[in-house]
Amino acid sequence: MYRTASGEEIFVIDGHTHFWDGSPANQKNIHGKQFIECFYAYHSNLSPPSEKWTLEKFGKYDAKTMHDDLFVHGYDDMAILQPTYLGDFYKHGFNTTERNAAMKKSHPERFILNSAFDPRDGNKGLEALHANCEKYKVKGVKLYTAEWKGDSKGYKLTDKESYKFLEAAQKLGVKNIHVHKGPTIIPLNRDAFDVADIDDVATSFQDLNFIVEHCGLPRLDDFCWIATQETNVYGGLAVALPFIHTRPGYFGHVMAELLFWLGPDKLLYGSDYGIWTPKWLIDKFMAFEIPDEEAKETGSALTFETKKKILGLNAARLYDIDIAAQKKKIDAAGGYAHLKESVHAPK
Amino acid sequence: MGDSITAKRKAEVWRRLETVTDPELDEPVTALEFVTRADVDANNCVHIEFRLPTYWCAANFSFLMADDMRKAVRELPWVADVSILLGEHMYADKINAGLARGLSFQETFGAEADGDLDELRRTFLLKAFQRRQAALLAHLIQTGCDGALLVEMTLKELADLNLDGDGARLRARYLERRSIASDSLAASRAFVDADGDPLQAESLSAYVRALRRVDINAEFNSALCRGLLHARFDMETPLSTKAGRRPERPQVSSQDM
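Protein sequences appear in the order of chains A and B. Using our numbering, the letters of the first sequence correspond one by one to residues 1 to 347. Using our numbering, the letters of the second sequence correspond one by one to residues 1 to 257.
Isolated chain A (complex conformation) (with noise of 0.2 Å):
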């Protein structure tokens, strides 16, 4: 919960976490070390010094480490928790819907689970995907276009297969697919980040949303044009948010292109944790205004009441929260007790 000064409070979902296991002794080989590592970049490369962790406790954080970063700490009121497997990569995967499973069960008011399914798994993949969404009664699942899978360096969402979960997936009540793209698909000498297949399946499946992690980077500019051609193509903030810490100026820049060209309706926070933490990203992005000119030349303005449905609005509608009835919830889970110790309460 982030209470402003004035005592208003804004109710936050955190659209992208992890609690992933990238230890050295749940890597398979040198691409699971390369991985934890790459990310472990992100991660120092643009937190605020105060905010860095070792690269040792960034490999593994324990389940209470990451509720009180979350929750206690930070303002989020809600996490999505996105798995990504890495099967390849992972002795017993990055960050499964199992291990996510067990984050929610401690704190089930606290975490909207959502699963993943890979198109090359073919039946087996299909049954798993049945499965989870019985077990879990999911209503998002994330996709990792570039997951190294044996010989295969990942898919692409115009693949016949991934039509075929993507149907699977819409019948067993599946409404929210949070794409993120990464740096290896076949065939390799096309643009591995190449968005335009998101624009044909948000084409073909009109009754699911398609979330693009990162909004699209590399690939803003692509990203942008699509968006505005598909009304359920959403832009998740993780990895753009950061920059307001590193470079304000380019962060408004693409801010003020996501809101001109998607508007404030489209666009989800996510703090990407544990490379970023909600604390300090959302005290920056509160006290964050469009410098004058930029906001002049596009009319995109960052107001309230559009910082109000970037970080919870927009993604209570996609996942169906009722707001008012989760605060009670949180609340009568004692989520809200560390609030009277002004943690969050205006100075």
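Any given hint could be a false lead.
Chain A regions said to be covered by chain B (calculated; three or more residues, Cβ under 8 Å) [unchecked claim]:
| # | region |
| --- | --- |
| 1 | 42 to 55 |
| 2 | 184 to 192 |
| 3 | 205 to 219 |
| 4 | 252 to 262 |
Hint data in this document are derived by calculation from the structure and do not stem from the laboratory. Every residue, glycine too, gets a C-beta built ideally from N, C-alpha and C.
Using the hints, position chain B against chain A.
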């Protein structure tokens, strides 16, 4: 070969490398500090080593930069051979083996690719064209050039335009990429869109706005890549086994060339 000749040739190699850009970022691979070594041996063979911001940087761009570096350095008349080594990358072994044998991207990656990098290269050269054009147009509009005149302006008129330092630099950068836009009836015009068609005065500001997305994207990526490179490698102390040596840029003046 004397030390002074070696130093001079090494400087020539660096000069050539400065002409090679990262296609996504449209900045020289030298300014981005990707190149960690550029040496000339007694047989006039040039040895280049480079590294990238992450282990996962796309294979196609990695190969493209290596290939461009090789071509750029080969243009020096005294060069007998060029060896290029990419360090700490998911495809380092494959790319290095392909480069050593002088293979194309398609030959290097076989079934994992369905063609060479021509289309990719053109896509990003076009983005560079758009980005450079947007920067120049914005500058010209800001300094009082009339939109109606800009859309009619010929290449010769642009070249003759009296510009300040910033303007002249933006113009030179733009003209380097002007030929990327398709040739059409508007070939003699200074400003055309990516398809080679003339621009319209009434929609000029909306056109420049739209191009700014390309520009912001590239700036964002550039900031991210530079940051990741610095987070990954210790840029202050000499790199040893981790990623080859720290660049040893000889100081050269233009008279040396």
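How the hints compare with the structure:
1. Coverage of the region 42 to 55 of chain A by chain B holds. Counting CB-CB distances below 8 Å, 4 residues qualify, and the rule asks for three or more.
2. Closer than 8 Å: that is the beta-carbon criterion, and the region 184 to 192 of chain A has 8 residues meeting it against chain B, so the requirement of 3 holds.
3. For a cut-off of 8 Å, the count of residues in the region 205 to 219 of chain A with a CB near a CB of chain B stands at 3, and the three-residue condition holds.
4. Judged by the Cβ-Cβ criterion of 8 Å, the region 252 to 262 of chain A is covered by chain B as claimed, because 4 of its residues qualify and three suffice.
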